[in-house]
Structure formats: C-alpha cells, structure tokens
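Chemist: Each chain is listed here by its residues.
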Amino acid sequence: MNIWVVMIITGMITYAFRLSFIILFEHKDLPPALHRWLRYVPPAVFAAIIFPEIFVRDGSVVLSSDNSRLFAALIAAMVAWRTKNVLLTILIGMAALLIIQAIQKQF
Amino acid sequence: MASPRSEFFSGIKAQLPILIGVIPFGMIYGVLALEAGLSIGIAQSMSFIIFAGSSQIVATQLFGSSVHGLVIILTLSVINLRHMLYSASIAPYLKPLKPLWKWSLAYLLTDEAYALTIIHYQEEDPATENGKNNRHWFFLGTGLALWLTWQLSTAGGIFLGVIIPESWPLDFTIALTFIAILVPMLRDRAGLATATVAGILAVLTLNVPLKLGLVIAALAGIITGVLVETKS
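Protein sequences, first through last, are from chains U and F.
Numbers 210 to 316, taken from the working numbering, label the letters of the first sequence in order.
Numbers 824 to 1055, taken from the working numbering, label the letters of the second sequence in order.
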C-alpha cells in the first residue's frame, strides 16, 4: 500500500475518533450515567500514558534503585501536588533525573 | 464571563509550559521519520494529517518495516482510539457551538489540548452545558498553540536534525507533562483508584498486540472509578 494512502486513511480515522461523540451528541443530551463515567477519562488515560514511561525500561518492569526515572517521577509528582505548577513540575522533574543519573554514574 | 480574546490568550498561556515537552518530542519524530526513509514531504505532512505524536513515532517504525498497510492503519488507529474518550468527555461542553467550531476544535483535540481544556471547563461553574460562555476560545488558543508548535518542531527535526546529545533524556518531559496534569486531578479516592488501576494495567498490557493495552487499561480504570464512587 502506498504510504500516502495509509497516512491519509489513518488521519481520517483519527479525525473521526476526535469528532465522534461531539457530533453524536449534537442534538441529544448525554445520558447522566455516561456523564459519571466520563469524569474518570482524564485520570485513567493520563495514568495509562505515564506508568509505562516510568516503570518500564527496555521492555521490562524495573522497580529497583536503578530506575532513575521512577525516582524523578516521584519527586515531580510531589512538586505537582504541592504547587499545581506545570512548568515547575517539568523543570524540577528533569533536574531531578539529570542529578540522579549523574550520581549513579559516580558509583 | 471572560471575553473571547482573554479566553484565547489564557489558552495559549496554559499551553506554554507544556510546549517544553512537545518541542523535543516533535524534533525526535522528525529525525526518526527521515531515518526510517520517509521523504520530507511525507514526514511533514503526517504532522498535520494525523497530528498525534505517539502514533506518528510508531508510524515511522512501521513504515520502515515490511508490515502491511492495513496492519499499520489498524495499529495507528488503536493507538489513537483514546481520542474517542476525549471526544465523549468534551462533547457536552461543545454542544451549544456552531458546526464549524465543532469540526475545527475536533481537529485540535490532542492529549495536551484536551487535558488543559477539560480542566478549564470543569473549573467552577460546571453547569455551563446549556449556558453560554467563551471557553471554546480557550480550547482554540490552546489547540492552535500546540498545533503550530508541533508543525514547527517536527520541521525542526526534519530540516535541522537533533542537536541534542543522546544522553539528555528529553523524552522524559512527556511523562513529566502528564504527571503535572494528572496529580492535581487526584482529589478523591475514586480518582486515585482510577489512576492506579489504569496505570498498573497499562504496564501489564504493554505487550498486547496492536497497542491495545492503553485503551484496555483506560477502560478498566474508568470502571474502577465508577465502582469506588458508587461504594463510597
């Protein structure tokens, strides 16, 4: 299959996903029960994106002290909890990772 | 009620810190696309035809392999399936808008734009469903800021290459961005249970074919949240 064709079809499908419920519920109200379920979309999806990024290194789960990302992520989570500041969370999290990796190299 | 102008600019402003993570991500995509043998035209067009970072990165891997086109479409679509959840979640707030707004904002419904916009819509006055407000301008500002940055940073990766040393773990900024968004959301037991179950399941299902793991994990997390909420 031509790459352009694959790309355009994927783009159309992705756009259809994004548009789907916005159009589906254009003229009728969302059932209240569904409303309740949808409240949990953000924490569910974002946690599902984050966890593999910090727990999995090279295809396997790393829970030991070798996992510098896990430590840095915990520090970032504390900053996010206390400050609710996106910029500060990213900067301190990144600094934490670089410092932890530098320390690990020393030993 | 905030004016369209002020909503638009606060949307851009909210997106600015997140762009720190988006810029290296876009540049990495650009470099990977060329390394996989894609032409400059295809690499850059993908950024506005698909406009979804993680699926674009996977696309570079698949286009470089001998995987059949239909399998590529299926895999990339499953990765992007989460946008349906975003669509459902944001739909009630967009209901009063004209079709042109809906069709345009849907195109801008990325992870980052969704996260910031849903937080903004949920702030105070949650009963704006049928009432009028200008918060869609916030969505537009935040979505356009991300769109423009994504196009420019993927172009940067394509035309300039990445000058960042490999020892710099810049891909970590994506995880940090979502940590910054997620953690302040976890205000009750149900939300915490949702995130924990979804996160653990996402790790356990990492090897499920077609990248279905993320959607399975997210759905399990949502069910958990509702169950915990019902019990308490």
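Read the hints as simulated data drawn from the structure, not as lab findings.
For each residue, glycine too, the CB sits at the ideal point set by N, CA and C.
Just so you know, not all the hints are guaranteed correct.
Stated by the list, open to error - DSSO-like cross-link-like pairs, simulated, lysine-lysine; straight-line CA separation at most 30 Å:
hint, chain 1, residue 1, chain 2, residue 2
1, U, Lys-237, F, Lys-921
2, U, Lys-293, F, Lys-955
3, U, Lys-237, F, Lys-918
4, F, Lys-836, U, Lys-237
5, F, Lys-925, F, Lys-955
6, U, Lys-293, F, Lys-921
7, U, Lys-237, F, Lys-925
Unchecked claim - Under 7 Å between C-beta atoms, here's a sample of chain U residues computed to sit facing chain F:
hint, residue
8, Ser-229
9, Tyr-249
10, Val-250
11, Ala-256
12, Leu-272
13, Asn-276
14, Phe-280
15, Ala-286
16, Thr-298
17, Phe-316
Chemist: Hint by hint, say whether it matches the structure.
Modeler: Here is what the structure says about each hint:
As the CA atoms of Lys-237 (chain U) and Lys-921 (chain F) are separated by approximately 15 Å, the hinted pair is consistent with the 30 Å bound. Simply put, Lys-293 (chain U) and Lys-955 (chain F) have alpha-carbon atoms about 28 Å apart, close enough for the 30 Å limit, and the pair holds. Between the alpha carbons of Lys-237 (chain U) and Lys-918 (chain F) the distance comes to roughly 9 Å, so the proposed pair stays at or under 30 Å and holds. For the given pair, Lys-836 (chain F) sits about 33 Å from Lys-237 (chain U) by alpha-carbon distance, which is inconsistent with the 30 Å threshold.
Between Lys-925 (chain F) and Lys-955 (chain F), the direct Cα distance comes to roughly 15 Å. Compliance with the 30 Å bound is thereby established for this hinted pair. With a CA separation close to 33 Å, the supplied pair Lys-293 (chain U) and Lys-921 (chain F) exceeds the 30 Å bound. Between the alpha carbons of Lys-237 (chain U) and Lys-925 (chain F) the distance comes to roughly 15 Å, so the proposed pair stays at or under 30 Å and holds. Evaluation of the Ser-229 (chain U) hint against chain F yields a held restraint, the C-beta minimum of about 5 Å falling below 7 Å.
The closest approach between the C-beta of Tyr-249 (chain U) and any C-beta of chain F is roughly 3 Å, which is under the 7 Å cut-off, so the hint is satisfied. For Val-250 (chain U), the interface hint holds, the least distance from its beta-carbon to any beta-carbon of chain F being 4 Å, beneath 7 Å. Satisfaction of the interface hint for Ala-256 (chain U) is found here, the shortest Cβ-Cβ separation to chain F being roughly 4 Å, below the 7 Å cut-off. Annotation: interface hint on Leu-272 (chain U) violated; nearest CB of chain F at approximately 11 Å, more than 7 Å.
Evaluation of the Asn-276 (chain U) hint against chain F yields a violated restraint, the C-beta minimum of about 12 Å exceeding 7 Å. For Phe-280 (chain U), the shortest C-beta to C-beta distance to chain F is roughly 12 Å, which exceeds 7 Å, and the interface hint is violated. Residue-level restraint check for Ala-286 (chain U) holds (minimum Cβ-Cβ distance to chain F is 5 Å; threshold 7 Å). The beta carbon of Thr-298 (chain U) comes within 4 Å of a beta carbon in chain F, closer than 7 Å, and the hint placing it at the interface holds.
Checking Phe-316 (chain U) against chain F by beta carbon gives a least distance of about 17 Å; that is not within 7 Å, so the hint is violated.
When each numbered hint is compared with the structure, violations occur for hints 4, 6, 12, 13, 14 and 17.
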